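Engineer: Start from the sequences, fold in the hints, and give me the full structure.
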Amino acid sequence: MFVPLSWLREFVDVDLTPDQLAARLTLLGMEVRGLTRRGEDWRDVVVGELLEVGPHPSADRLSLTRVRVDDAGTTLSIVCGATNIAVGQRVPVALPGAVLPGDRSIERTTKMGVVSEGMLCSGDELGLTSDADGILILPAGSAVGRPLVALYGDTVLDVDVKPNRGDALSILGLAREIAAATGTPLRPPAISVPESGDTTAEHLSIRVEDAALCSRFVGRWIDGVTIGPSPLDVQLRLSAAGQRPVSNVVDASNYVMLELGKPVHTFDGAAVSGGAIDVRLARSGERLETLDHVLRELTPETLLIADDRGPLALAGVMGGASSEVGEGTTTVVVESAIFDPLSIRRTATRYALRSEASLRFEKGLDHAVALTAADRTAQLVAAWAGGRVARGVVDSAPTDPPARRVIFRPASVDRLLGLPIPVDEQRALLARVGVATEAAADGATVPVADGLDVPTRPADGALVAVVPGHRRDITIEADIVEEIARIRGYETIPAALPSTGMPGYRPDPRRAVDAMRDLLAGQGLAEVVTHGLVAGDDHERLGIAADDPATIRITNPVARDHVQLRRSLLPGLLRVVADNEHQRRADVAIFEVGSVHRMTDDGPVETGVLGIVLAGDWLPGAWDQVARPAEMADAVGIAAWLADRLGIGRLERLATEPWPSVEHPGRVAALRAVAADIVLGRAGELDPRLTAMADVRAERVAFVMLELEAIAAAMPAARMVTPIPRSQAVERDLAVVVDERRSAGEVETVIREAAGAMLADVVLFDRYRGAPLGADEISLAYRLRLQADANLTEDSVDTVLAEVVAALVARCGARLRA
Amino acid sequence: MDLASVRDDLAALREQALAAIAAAVDLNGLEAVELSVLGRKQGQLTAVLRGIGALPAADRPTVGALANELRLELEAALAARRERLSGIALDVRLAAERLDASLPGRPLRRGSLHPIAETAREIARVFGQFGFVVYEGPEVETDRLNFEALNIPADHPARDLWDTFYVDVPATAGDRLVLRTHTSPGQIRVMEQTRPPIRALLPGRCYRHEAVDASHGFEFFQVEGLMVDEGTTLADLRGLLDEFAHAMFGAGRATRFRPGYYPFTEPSVAFDIGCVVCDGVGCPACGRSGWMTILGAGMVHPVVLRNGGIDPERFQGFAFGMGVDRIAMLRHGIHDLRSFLENDLRFLEQF
Numbered sequence: 039m040f041v042p043l044s045w046l047r048e049f050v051d052v053d054l055t056p057d058q059l060a061a062r063l064t065l066l067g068m069e070v071r072g073l074t075r076r077g078e079d080w081r082d083v084v085v086g087e088l089l090e091v092g093p094h095p096s097a098d099r100l101s102l103t104r105v106r107v108d109d110a111g112t113t114l115s116i117v118c119g120a121t122n123i124a125v126g127q128r129v130p131v132a133l134p135g136a137v138l139p140g141d142r143s144i145e146r147t148t149k150m151g152v153v154s155e156g157m158l159c160s161g162d163e164l165g166l167t168s169d170a171d172g173i174l175i176l177p178a179g180s181a182v183g184r185p186l187v188a189l190y191g192d193t194v195l196d197v198d199v200k201p202n203r204g205d206a207l208s209i210l211g212l213a214r215e216i217a218a219a220t221g222t223p224l225r226p227p228a229i230s231v232p233e234s235g236d237t238t239a240e241h242l243s244i245r246v247e248d249a250a251l252c253s254r255f256v257g258r259w260i261d262g263v264t265i266g267p268s269p270l271d272v273q274l275r276l277s278a279a280g281q282r283p284v285s286n287v288v289d290a291s292n293y294v295m296l297e298l299g300k301p302v303h304t305f306d307g308a309a310v311s312g313g314a315i316d317v318r319l320a321r322s323g324e325r326l327e328t329l330d331h332v333l334r335e336l337t338p339e340t341l342l343i344a345d346d347r348g349p350l351a352l353a354g355v356m357g358g359a360s361s362e363v364g365e366g367t368t369t370v371v372v373e374s375a376i377f378d379p380l381s382i383r384r385t386a387t388r389y390a391l392r393s394e395a396s397l398r399f400e401k402g403l404d405h406a407v408a409l410t411a412a413d414r415t416a417q418l419v420a421a422w423a424g425g426r427v428a429r430g431v432v433d434s435a436p437t438d439p440p441a442r443r444v445i446f447r448p449a450s451v452d453r454l455l456g457l458p459i460p461v462d463e464q465r466a467l468l469a470r471v472g473v474a475t476e477a478a479a480d481g482a483t484v485p486v487a488d489g490l491d492v493p494t495r496p497a498d499g500a501l502v503a504v505v506p507g508h509r510r511d512i513t514i515e516a517d518i519v520e521e522i523a524r525i526r527g528y529e530t531i532p533a534a535l536p537s538t539g540m541p542g543y544r545p546d547p548r549r550a551v552d553a554m555r556d557l558l559a560g561q562g563l564a565e566v567v568t569h570g571l572v573a574g575d576d577h578e579r580l581g582i583a584a585d586d587p588a589t590i591r592i593t594n595p596v597a598r599d600h601v602q603l604r605r606s607l608l609p610g611l612l613r614v615v616a617d618n619e620h621q622r623r624a625d626v627a628i629f630e631v632g633s634v635h636r637m638t639d640d641g642p643v644e645t646g647v648l649g650i651v652l653a654g655d656w657l658p659g660a661w662d663q664v665a666r667p668a669e670m671a672d673a674v675g676i677a678a679w680l681a682d683r684l685g686i687g688r689l690e691r692l693a694t695e696p697w698p699s700v701e702h703p704g705r706v707a708a709l710r711a712v713a714a715d716i717v718l719g720r721a722g723e724l725d726p727r728l729t730a731m732a733d734v735r736a737e738r739v740a741f742v743m744l745e746l747e748a749i750a751a752a753m754p755a756a757r758m759v760t761p762i763p764r765s766q767a768v769e770r771d772l773a774v775v776v777d778e779r780r781s782a783g784e785v786e787t788v789i790r791e792a793a794g795a796m797l798a799d800v801v802l803f804d805r806y807r808g809a810p811l812g813a814d815e816i817s818l819a820y821r822l823r824l825q826a827d828a829n830l831t832e833d834s835v836d837t838v839l840a841e842v843v844a845a846l847v848a849r850c851g852a853r854l855r856a
Numbered sequence: 470m471d472l473a474s475v476r477d478d479l480a481a482l483r484e485q486a487l488a489a490i491a492a493a494v495d496l497n498g499l500e501a502v503e504l505s506v507l508g509r510k511q512g513q514l515t516a517v518l519r520g521i522g523a524l525p526a527a528d529r530p531t532v533g534a535l536a537n538e539l540r541l542e543l544e545a546a547l548a549a550r551r552e553r554l555s556g557i558a559l560d561v562r563l564a565a566e567r568l569d570a571s572l573p574g575r576p577l578r579r580g581s582l583h584p585i586a587e588t589a590r591e592i593a594r595v596f597g598q599f600g601f602v603v604y605e606g607p608e609v610e611t612d613r614l615n616f617e618a619l620n621i622p623a624d625h626p627a628r629d630l631w632d633t634f635y636v637d638v639p640a641t642a643g644d645r646l647v648l649r650t651h652t653s654p655g656q657i658r659v660m661e662q663t664r665p666p667i668r669a670l671l672p673g674r675c676y677r678h679e680a681v682d683a684s685h686g687f688e689f690f691q692v693e694g695l696m697v698d699e700g701t702t703l704a705d706l707r708g709l710l711d712e713f714a715h716a717m718f719g720a721g722r723a724t725r726f727r728p729g730y731y732p733f734t735e736p737s738v739a740f741d742i743g744c745v746v747c748d749g750v751g752c753p754a755c756g757r758s759g760w761m762t763i764l765g766a767g768m769v770h771p772v773v774l775r776n777g778g779i780d781p782e783r784f785q786g787f788a789f790g791m792g793v794d795r796i797a798m799l800r801h802g803i804h805d806l807r808s809f810l811e812n813d814l815r816f817l818e819q820f
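One line per chain: the protein sequences are A and B, in this order.
Numbering of the first sequence is given in the numbering used here, commencing with residue 39 and proceeding in unit increments.
Numbering of the second sequence is given in the numbering used here, commencing with residue 470 and proceeding in unit increments.
Bear in mind the hints are in silico, worked out from the structure with no lab data behind them.
Remember, it's a predicted structure, so these values are computed and weren't measured experimentally.
By construction, the Cβ of each residue, glycine as well, lies at the ideal position given by its N, Cα and C atoms.
No incorrect hints appear here.
Derived DEER-like restraints, expressed as beta-carbon distance ranges: (1) A:Glu-463 to B:Glu-605: 39 to 47 Å; (2) B:Pro-622 to A:Gly-704: 53 to 61 Å; (3) A:Ser-230 to B:Pro-622: 37 to 45 Å; (4) A:Val-664 to B:Leu-563: 24 to 32 Å; (5) A:Gly-685 to B:Gln-819: 25 to 33 Å; (6) A:Ala-751 to B:Glu-811: 33 to 41 Å; (7) A:Met-540 to B:Glu-605: 17 to 25 Å; (8) A:Ala-795 to B:Asp-495: 51 to 59 Å; (9) A:Asp-682 to B:Arg-783: 47 to 55 Å; (10) B:Leu-577 to A:Glu-769: 25 to 33 Å; (11) A:Glu-247 to B:Ala-623: 19 to 27 Å; (12) A:Arg-347 to B:Pro-753: 54 to 62 Å; (13) A:Glu-832 to B:Val-561: 42 to 50 Å; (14) A:Glu-247 to B:Pro-622: 20 to 28 Å.
Which stretches of chain A does chain B cover? Using the computed rule of at least three CB atoms under 8 Å from a CB of chain B, they are: (15) 375 to 384; (16) 593 to 600.
Residues from chain B that face chain A, not an exhaustive set, calculated with beta carbons under 7 Å: (17) Arg-727; (18) Pro-728; (19) Glu-735.
Structural biologist: Written out as structure tokens, the structure is:
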């Protein structure tokens, strides 16, 4: 909310600089987001008097004026393009050398052959109003020569009023806060309505269909008004507060809304048939053209102001075009009502018409302010537009409900804050915000939470807080505690450290993830974080149809490229590759830990995934070393190393069905943790068609995808150590020739099984195809490390090797390579 | 042959052999000298010893002793020369191996950790020292936990504080699903699965229906904290947050405690630190106020405690929530929130 300081000062004396005031309000919970000093950017702009207005000798659309700019009678000759000027008017004059907002300098210039010694200013040029067409005409009595900043300079605070404090969404409300904080008296506006003649009831009648939707409707009748502009200072004040001036009557209602926080609507009295106003829900088929000239079909939940001919306005949200106060209006109906907050919020949302008025209705309003606001509006209309205010009001609920009584235990203040505050001080602090206190009756109950009332005990010394009607936010004991702390100042709450019980041990769910992150970064990969929301296209490239039932979609997306929850980390990772390749990086090695989502019959399922992508150089090039691009074996190697470092142990690589058009059809493996017998994920290369569609240039993109839950399940709580044998190990090389379709993994498995317990390790150290081998043959060379408790004899080694060879021959169709 | 002539022969051999050893210029040459003098077959000294049999028996021990003495002398000379020559050879090799001292090393891959993830871990580390343990909750959350249970009923004006993404998953039992707009639903999840004393930390990705600019994104990261016990107070919260601010932003960092508003806390708190740019003087970065808000907090609203199955008359506690992005930006001087999800390696590799 924009708050002109000059307006605030009408209601409270502020003995603070604007910056101090801003800090004070912020510490009260009314955060000041910014300060604008209006007039700070005007230099040498003064009030001038138009002495002559004549035609420009050589330009039809320009006038030549003579303007008096000081008491000494100095006059300037100024060329002006506006048509709203006349002799005798007071206008803002930018003298030669003046500076206007936007660092605009005004100098002596020649316009169409005539010298112009400065400029007459529009409201827009000064940043005062949005009117750019006409010169700003100042009040007739304005002192010639006065700097404009002395008359219209102001400071405007931008205050962030929280949703629970609708009462502070007004100049008076914020003045009340300042008064409470500084202990200065509040000066509410003096309201007196110049009533005369017949009564409002003779012109106006109100029928409220459902008091639950409209708890009060106060109406007033004013006839004989003359529509025109509001006084200049009113227009400027409204502009500064962010409200566009319209006409004296409309401005009066907006002024009251800003001043008191109570939205008020004005109707053209002639448009209200028989003066009979109905507050009711819309009937099916009803339509209303609203003030924005949109013809709206009304739904039956819409609360209306109507007459016997049909809808006049969307209650609390927007008026209707047919009853709009305009140039021909002579009688005005003032509506100051209180509507059900929920109903207003729903209507405003339904028709996408959230306004300053609906915003205030939504937050709830004090019953009493309905009458105050109706009176204040009538007073201002009469002052600014003339006319006669009919005597009295029509009021659907003239009796104010009793004040809310919130019972609290003074000890709760210390209990929640950790700061003992004497009861007398508590009461004094509450009194500053208009909350009276008295002793609670025996057996009174404390509202601890909505629906939880706790009986007081005599020892509690419970008090009743009598809450003024505008403080709708104070309903439970904790609200009272907050209010006491707020007025005393949160700064007075001491800093302590918890000395209460500790929770039991809980394993950190991120242990494995953090370990992997450190390991991968240590191996030279860069961690990335990509969007959880991706485009439909991203999924279609993975072969996931636009209407795939397992995809979770956003029903109200904010950006076209972010409409579905990702099913895979690949789209995000590939985008990072492409973006960095675009920055001439040919060595992208990245990983991400994040969630992927899918819909199942049992609801949405979120899976934590580690994704690694290697595109381009994996072994970096150097002055004596040629760079080598990443390929599947690098991905598999990283996965195996990671598993080893995490204590998962050996990974087995299994042939698997490739994910069509995503994974390379011939280069992908499933990774199984042997010890835990859990498949952790996959590694391989991506289908070049997919990477090309993602604008990735690297010829090969290697990847690893592992599921976090599988990793956690395969990780031992602690590693168990195998004692180091004291005996000597023996190494033997064994090269066998097998059919090329035979998997190395299978050969390795046979070797492991046949060698039995004596085998400490087996490593594939060479793989060869070509002459002298047959066309379908491949040679695999393994180095076996054999070890036993005692030193091995030649014989026992030979025996084991013979068994291995025999098994390879029998189970893999292998022959020894000569 | 007589003794005298053998003596002469040995003396001559000695002269010649020592000269040859001294003259050898490399290890091969030295080996040739060794063979010619001490070799088993053609060695000259060997030949002398072989001739001993022709001497009178009385002279044989004398000649044997002399020859042996010579052999030891020559072996020592050979060893000395060998050592000298090896040293020279190594010197030559090492000299040939000289490298330009200014050559760069072979590069290792750089590797980096994302500032969001690292900041979240750092936050968890700090609160971990005070006994806070990590929990996790889902990104697709129920309306009940994201709003209702946190004292934010449907159609409540406070819902305007959270612009929400809805998903096309049908509601179950009237409970619509949303992308969590904050990590606060984790408060209820923790209370539902454990009993006080509670000290919980909930990091996670959140989503808000917001247009993207330098300080807003529709995806961002939060860390939620929750502490519930008998006698946990706002003063405890303040002390803890001071420790946190000092850990993250320096021991001398000023802090400020002021009223805030959240439907799920009462009293509610906004927590500020002295501006990290101007140290409280006032600059454009802090809107000239000298302060920067880093998190929201407050005493858990009794309704929320009750919704989590905890008796608000017996237990009380506080909760806080902070944007990891914001903490990271302030800590590392990052000016644009979008940097985090752009993943430009030139940015990432600075971490």
